[in-house]
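Peer 1: Model the full assembly from the supplied sequences, consistent with the hints where possible.
Numbering (our numbering), first residue to last: 68 to 239.
No wet-lab data here; the hints were simulated from the structure. C-beta atoms are modelled at their ideal positions from N, C-alpha and C, and glycine is treated no differently. Hints may be right or wrong, so weigh each one.
[Stated by the list, open to error] When the alpha-carbon atoms are kept at most 27 Å apart in a straight line, the in silico DSS-like pairs for lysine-lysine are as follows: (1) K145 to K180; (2) K202 to K235; (3) K180 to K202; (4) K224 to K180; (5) K224 to K202; (6) K145 to K112; (7) K202 to K145; (8) K224 to K235.
[Claimed, not checked] Ranges between beta-carbon positions, derived for each pair: (9) D185 to L100: 27 to 33 Å; (10) H68 to L173: 35 to 41 Å; (11) L171 to G84: 44 to 50 Å; (12) Q78 to E238: 46 to 52 Å; (13) D172 to S99: 30 to 36 Å.
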Amino acid sequence: HPAESIQTFEQMIRVGGGTAQMHLLLGVAYLSLDRNLDARSELEKAIALNRRLMFAHYNLGVAYQRMGQLDNAIIEFKQEASLAPHQPWSFERLGMVYLQQSNLDLAFQMFRKALATDPQLPNSLDGIGEVYLGKGQPGRAVHYFGRAVSLQPDSAKMHFQLGQAYLKSGEP
Numbered sequence: 068h069p070a071e072s073i074q075t076f077e078q079m080i081r082v083g084g085g086t087a088q089m090h091l092l093l094g095v096a097y098l099s100l101d102r103n104l105d106a107r108s109e110l111e112k113a114i115a116l117n118r119r120l121m122f123a124h125y126n127l128g129v130a131y132q133r134m135g136q137l138d139n140a141i142i143e144f145k146q147e148a149s150l151a152p153h154q155p156w157s158f159e160r161l162g163m164v165y166l167q168q169s170n171l172d173l174a175f176q177m178f179r180k181a182l183a184t185d186p187q188l189p190n191s192l193d194g195i196g197e198v199y200l201g202k203g204q205p206g207r208a209v210h211y212f213g214r215a216v217s218l219q220p221d222s223a224k225m226h227f228q229l230g231q232a233y234l235k236s237g238e239p
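Peer 2: And the structure:
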């Protein structure tokens, strides 16, 4: 349970000093409880102790994204991607942030990078569908939303977007 973990991590840091890993774990626990400011503080401490701690950059990017600090989120996701270019998660998150900023071309590029690493990522497929909808190409969006739904059939959001794309495309 995250709340119990927080107490344990805080006590361990008080008693033994904080390692980068401890601050990372505490930051992730805070993040899981939507305590984004506390998460940011701990994740920044982790990075100060170990700049190559890729999961700290990723989770700090998530915290910034949740707080609406999208430019900072981009910096952290790019840093994580540079440390682990073969992992799709930061590219997927970058795509999501660029979608939030209505930068459809960069969003598309990032989702494609994520899918080049793992072609079965429903959120990246969904993101490309959103890009195509944003560009007024609902027929193409149908294809990507359909693939996303087939991989994550319990996602109401993806089903809704697939329905919207069908409506806009005029396809049955």
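Peer 1: Against this structure, judge whether each hint is valid.
Peer 2: Structure-based check of each hint:
1. Between the alpha carbons of K145 and K180 the distance comes to roughly 13 Å, so the proposed pair stays at or under 27 Å and holds.
2. At roughly 12 Å between alpha-carbon atoms, K202 and K235 fall within 27 Å of each other, so this suggested pair holds.
3. Between K180 and K202, the direct Cα distance comes to roughly 19 Å. Compliance with the 27 Å bound is thereby established for this hinted pair.
4. Restraint check for K224 and K180: satisfied, since their Cα atoms lie roughly 23 Å apart, inside the 27 Å limit.
5. Taken as a hint, the K224 and K202 pair is honoured in the structure, with Cα atoms around 19 Å apart against an allowance of 27 Å.
6. Pair hint K145 plus K112 holds up; C-alpha atoms about 19 Å apart against a cutoff of 27 Å.
7. Distance restraint check for K202 and K145: the Cα-Cα separation of roughly 25 Å lies within the 27 Å cut-off, and the hinted pair is therefore satisfied.
8. Only pairs whose Cα atoms come within 27 Å are accepted, and K224 paired with K235 is accepted, the gap being roughly 16 Å.
9. Between D185 and L100, the C-beta spacing of about 29 Å keeps the proposed range 27 to 33 Å intact.
10. For the pair H68 and L173, the supplied restraint of 35 to 41 Å holds, since their beta-carbon distance comes to about 38 Å.
11. Checked against the hint of 44 to 50 Å, the C-beta distance between L171 and G84 comes to roughly 46 Å, which is consistent with it.
12. Look at Q78 against E238: about 59 Å separates their beta carbons, and that is not inside 46 to 52 Å.
13. Our hint of 30 to 36 Å for D172 and S99 holds, since their Cβ atoms are close to 33 Å apart.
Hint 12 from the list above is the single one not met by this structure.
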